[in-house]
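Participant: Residue strings, one per chain:
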Amino acid sequence: MLKAKVILVALGAALAMPQALAGATPEEDRKETVEYFKQMFPDVPLEEFVNGQYALNEDRRKQWESMQDFPPYEFAVAEGKEMFETPFANGKTYASCFENGGIGIRQNYPYFDTEKKEVITLELAINRCREANGEEPLRWKKGAIASISAYMASTSEGKPINIEVPDDPDALAAYQDGKEFYYSRRGQLNFSCASCHVQNPGKWIRADFLSPALGQPSNFPVHRSKWGELGTLHRRFAGCNNNVRAEPLPAQSEEYRNLEYFLTYMSNGLPVVGPATRP
Amino acid sequence: MNKPLLTIGISLALSVPLAAQAGAKEDFNEVYAKAQSTHQDAGNFQWTTTTDRMKAAKTSAESGDYDKAASMARQALKLAQESVAQRKQQQEAWRNAAIGN
Numbered sequence: 106m107l108k109a110k111v112i113l114v115a116l117g118a119a120l121a122m123p124q125a126l127a128g129a130t131p132e133e134d135r136k137e138t139v140e141y142f143k144q145m146f147p148d149v150p151l152e153e154f155v156n157g158q159y160a161l162n163e164d165r166r167k168q169w170e171s172m173q174d175f176p177p178y179e180f181a182v183a184e185g186k187e188m189f190e191t192p193f194a195n196g197k198t199y200a201s202c203f204e205n206g207g208i209g210i211r212q213n214y215p216y217f218d219t220e221k222k223e224v225i226t227l228e229l230a231i232n233r234c235r236e237a238n239g240e241e242p243l244r245w246k247k248g249a250i251a252s253i254s255a256y257m258a259s260t261s262e263g264k265p266i267n268i269e270v271p272d273d274p275d276a277l278a279a280y281q282d283g284k285e286f287y288y289s290r291r292g293q294l295n296f297s298c299a300s301c302h303v304q305n306p307g308k309w310i311r312a313d314f315l316s317p318a319l320g321q322p323s324n325f326p327v328h329r330s331k332w333g334e335l336g337t338l339h340r341r342f343a344g345c346n347n348n349v350r351a352e353p354l355p356a357q358s359e360e361y362r363n364l365e366y367f368l369t370y371m372s373n374g375l376p377v378v379g380p381a382t383r384p
Numbered sequence: 048m049n050k051p052l053l054t055i056g057i058s059l060a061l062s063v064p065l066a067a068q069a070g071a072k073e074d075f076n077e078v079y080a081k082a083q084s085t086h087q088d089a090g091n092f093q094w095t096t097t098t099d100r101m102k103a104a105k106t107s108a109e110s111g112d113y114d115k116a117a118s119m120a121r122q123a124l125k126l127a128q129e130s131v132a133q134r135k136q137q138q139e140a141w142r143n144a145a146i147g148n
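Line by line, the protein sequences are chains A and B.
Following the numbering used here, the numbering of the first sequence begins with 106 at its first residue and continues without gaps.
Following the numbering used here, the numbering of the second sequence begins with 48 at its first residue and continues without gaps.
Any given hint might turn out to be false.
[To be verified] Just a sample of chain A residues kept apart from chain B, beta carbon distances all over 10 Å, derived:
1) 141
2) 149
3) 158
4) 169
5) 196
6) 204
7) 206
8) 210
9) 248
10) 314
11) 329
12) 352
13) 374
14) 378
[What the hints assert, rightly or not] Cross-link-like lysine-lysine pairs, in silico, DSS-like; alpha carbons within 30 Å at most:
15) A:247 with A:331
16) B:102 with A:331
17) A:247 with B:102
18) A:143 with A:264
19) A:308 with A:167
20) A:222 with B:135
21) A:167 with A:331
22) B:115 with B:81
23) A:308 with A:247
[Claimed, not checked] Label-pair ranges, simulated between beta-carbon atoms:
24) A:355 with B:88: 42 to 52 Å
25) B:110 with A:293: 21 to 31 Å
26) A:129 with B:80: 37 to 47 Å
27) B:110 with A:240: 40 to 50 Å
28) A:269 with B:143: 27 to 37 Å
29) A:136 with B:112: 52 to 62 Å
30) B:84 with A:204: 42 to 52 Å
31) A:187 with B:80: 45 to 55 Å
32) B:99 with A:358: 17 to 27 Å
The hints are simulated quantities; they were obtained by calculation from the structure and are not laboratory data.
Backbone N, C-alpha and C define an ideal beta-carbon position, used for all residues, glycine too.
Let the hints inform the model, and build the full structure from the sequences given.
Facilitator: The following block contains the structure:
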């Protein structure tokens, strides 16, 4: 009788457990995602996914390869390096705020700060560094912050993305929140991020060729021909939301940082190739 | 000619458009407030089209065209209600599309 009660209580507890907690672990998600894309594009080597649409479309790849002779982001990277090395008014530089002086660390961002209980993106860390040194924060989506971020990314070229979800319920909640955002349909057009980049990569949507989710964050900040300049990942998030007629959220909002956390974790092990170019 | 009757008649005739405008203004205010609060309820599922209609409604109201303003506000309310429905529906539906669930 007692045994039956124990079984019933255990069964009740299992049923009451929130689905989010009962779901897959981040690492299980990542492995399944990699397998999904391998099956969808069996001829594309795994590391090629970081090149997005250029890995899937031969014409686009040829255009891209010809652009690589004189990448349009080169000046911005040089400008970013100069800003990175120029001391603040107090004499310190950005290097003082980052591990290894900020060189070769792009692959570790974003990370979950277990003390502050929030996701820290590279751009957020750049602006917090400025504020800690008495400087005004930069605008989030383009301009100086994109140039500095591009320079820092360039020092990590080829390093495998290494995002961790620590054993902390808040970190897991941030990851799950990003995952939920990614798969939730929004906007009047009723599209999720996944509608395009998981379910339909390799297809055209009007004049745009859809890239796969796998490897997407590794090429940011990105120089888009459409923008004519560099932009950050959150600028792109806002653009995607706007395209489906969903009200974009502020760059570096908690939602977008969690989204970046989830999306970048999915690309763990793939090389950093940012900055890069896209149409 | 009956002067008092004529005066009352003219007064009534002149007050009709004013009364109609007052009704349209109240109608607009009511629908706009409802659209605004429903739009807020959508949280991070707000639609840009709702925002556009709300702005158009406000602009029409500021120029005194309350009929058009109320019409725009009604459109905004309908869109906002759809976005709230989407938010509620996606609370669970997202899992059906997710890899790893």
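Participant: Which hints, by number, does the structure contradict?
Facilitator: Numbers 1, 12 and 24 - these are the hints that the structure violates, sorted from lowest upward.
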